Amino acid sequence: MRYSQDWKSRGEKMAELMKITGLKKRYDNNSGITDIRMNISKGTIHGFLGLNGSGKTTTMKIIMGLLRKDGGMIEYDGREYDPANVNDRANIGFSPDLPFYPPYLTGEELVAVYGHMRGLTKSESKKAAQDLLKMVELYDHRNKKVGKYSRGMLARVGIAVSLIGDPGMIILDEPTSGLDPAATSTVRNLLGKLRKDGKTVLLSSHLLGEVQNMCQNITIIHAGSTIMEGSMNDLIEKFSNDQRYVAEFSKISPTIVSEIRKVEGINKVQVIDTEGRPMKLTFYANSDIRENVAMIAVKNGSMMISCTPEGQSLEELFLKLVGNRDDKLP
Amino acid sequence: MRSVSANAEKNSFSLHRMWSIVDYELKWDIRKKKVLFVTSFTFAVIILAVALFRSFSNNGFYGNSENLWSTIILVLTKGFISGIFPMVIGGVIAVDSIAWEIDKGTILLLLSQPVRRSEIYFGKFTEKLLVMFIISLLLVFFSVILSSITAGYQEHLIWIIPTATSFLLEVMVFISFTFMLGALVKQSGFMMLMLTGIYFLVLIGSVFLMLKDRFHMWMTFIPLAGVNNLLMSLQHFSIEPGRKVFLNYDLGPTMSGGVWVYPSQLLIYSIAGAMFSIVVFTIIGYALFSRLEIKG
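Protein chains in written order, with the working numbering: chain A, 1 to 330; chain B, 1001 to 1296.
Note that these hints are calculated values from the structure, not bench results.
Since this is a predicted model, take the numbers as computed values, not measurements.
Errors might be hidden in some of the hints.
Stated by the list, open to error - Using 25 Å as the maximum straight-line C-alpha spacing, the simulated DSS-like pairs for lysine-lysine come out as follows:
(1) A:Lys145 / A:Lys134
(2) B:Lys1027 / A:Lys145
(3) B:Lys1032 / A:Lys126
(4) A:Lys145 / B:Lys1033
(5) B:Lys1032 / A:Lys144
(6) A:Lys42 / A:Lys19
(7) B:Lys1104 / A:Lys145
(8) B:Lys1033 / A:Lys126
(9) B:Lys1027 / A:Lys134
(10) A:Lys193 / A:Lys126
(11) A:Lys42 / A:Lys196
Construct all of the structure, not just a fragment, from the sequences and the given hints.
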């Protein structure tokens, strides 16, 4: 199944900062990306999802000039973006997925040297580095060598590095990968700060719950191509054909269950035992059938206490889209 | 869509950005104590050089040996000594710059910065040049002190300047070679071993050439092996009476009564040979580096 390629979010329209169309990169072993499309809006956190090997890192490396594209176009703020052009690249900050930082430098030196490369004077970059280290809560460790940083500290210093020089957009590749819950929470708070500050962030992550909480928009790629893109809420709503409901009754009899199963549009009815008594049902429905269910209960001497729709998670959507696909990677 | 030409104009080589790479590289070298190691190692060279200079001065240049075999032995001993130290120093100080960064992945963040590849490559090279220049100045300073201590006050100290110059040039040959090798093999694990192996292979090859066809001036252009002549030719120039190096246009080596007579212009050849090696290695190295892609 290939989802509509020109599907557009019905959500709030925001100014577009980066637009990627038909991005291609072919490696020697014939793997790579074949058609990546993405629209990143200004001031949003944009989730970038895909299975391992689907082409996320390749896409990000092309944007950062680490790989040369074989085709397609990248636009930034309305004009063509050339990753080989240092002035274009100055608009983007980057934090790679693994702690690839010079281990012999201290945290402050690390952030400051990249600030210096981004055109700041030495004193400006030192001041900016200190401010950023305060923001990522590493100021007290600024004189410690990066090689002695924990994985969580490296993730935070990576965010500081990506922010030095105040680029228009930052790319974070798996910032929470391999972090313990406490470190993940710290990074999540940092992302919250960035969101609050109106930073434009392209966030690649395997933690779909995090992406769902943090990102306004997402792009899902599979086997080197974009398969879906849009605002988070609209995508979940649009692509969730069946709504999951949880209904609680005063009592549940086999007749009630049987009759509910017969209602057109209801499927996957499951009885949940509460302290040995069947009190709740869960089912999926493709329309609002709560009234029908309530009537069945009353007809059979019971009463429906509540029946609430449950929101579909990004994880369910993602797995629905790519989890069972058997496409071979290109 | 707006034109990109205005932006492209700003994409030119920037000294500020190159200097930021020099700063980055210098921090690495200082933090990794490379500068300390190289300085210490240079002291060892000075001590050895001071010990050797007397024999250089007494025996003259190796070309004045009585026969071909003794010439070859001298080439292998003094030539080796004058080449092995710059190789170790050049290799050690340069191995991190390209090979280690690619190998360990730190190049990823560096190349993603808004800095041109040329600014990165030549910034790194410039930092090595500056560090080695300062170390060469130390070489001059401490050579005078040490030689005065060991051999008493010497009137003719002019040999120190060409010695330091040749040391700097020789090290830069090996640095440019190590940069090139790093961009080619992209891993630092066996870099020193590889560098040493290639150096010896070239050296042995040049000795075979000499055995076969005797010494010719073009041999000073043999990459790596040619640098061995540099130190001695500079010393020779500094102690040779008359110093006709810039006047003698007879570029061929001659035999006179069974004795090799090396014209002073060996100096020019040696300097040109070293410069040639640096330029060739740098062009190839940069060509490889500028096309480097970070996969995976």
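### Query
Regarding the pair B:Lys1032 and A:Lys126, is the alpha-carbon distance no greater than 25 Å?
holds, 21 Å
### Message
Check whether the Cα positions of B:Lys1032 and A:Lys144 lie no farther apart than 25 Å.
### Response
holds, 14 Å
### Query
Hey, A:Lys193 versus A:Lys126, does the alpha-carbon distance stay inside 25 Å?
Holds: A:Lys193 and A:Lys126 sit about 22 Å apart, inside 25 Å.
### Query
Given the proposed pairing of B:Lys1033 with A:Lys126, does the C-alpha separation stay at or below 25 Å?
This hinted pair holds, its Cα atoms lying about 23 Å apart.
### Query
Are B:Lys1027 and A:Lys134 close enough, with their CA atoms no more than 25 Å apart?
holds, 23 Å
### Task
Given the hint that A:Lys145 pairs with B:Lys1033, test it: the Cα-Cα distance must not exceed 25 Å.
holds, 14 Å
### Task
Quickly compare the C-alpha distance for B:Lys1104 and A:Lys145 to 25 Å and report which way the hint goes.
Cα-Cα ~17 Å, so holds.
### Task
With a cut-off of 25 Å on the C-alpha distance, tell me whether A:Lys42 and A:Lys19 pass.
Holds, at roughly 11 Å.
### Query
Does B:Lys1027 pair with A:Lys145 here, judged by a C-alpha cut-off of 25 Å?
Holds - the C-alpha atoms of A:Lys145 and B:Lys1027 are around 12 Å apart, at most 25 Å.
### Task
Take a quick look at whether A:Lys145 and A:Lys134 sit within 25 Å of each other, Cα to Cα.
holds, 17 Å
### Query
Given the proposed pairing of A:Lys42 with A:Lys196, does the C-alpha separation stay at or below 25 Å?
Answer holds: A:Lys42 to A:Lys196 is near 13 Å, not above 25 Å.
Violated hints for the displayed structure: none, as all numbered hints are satisfied.
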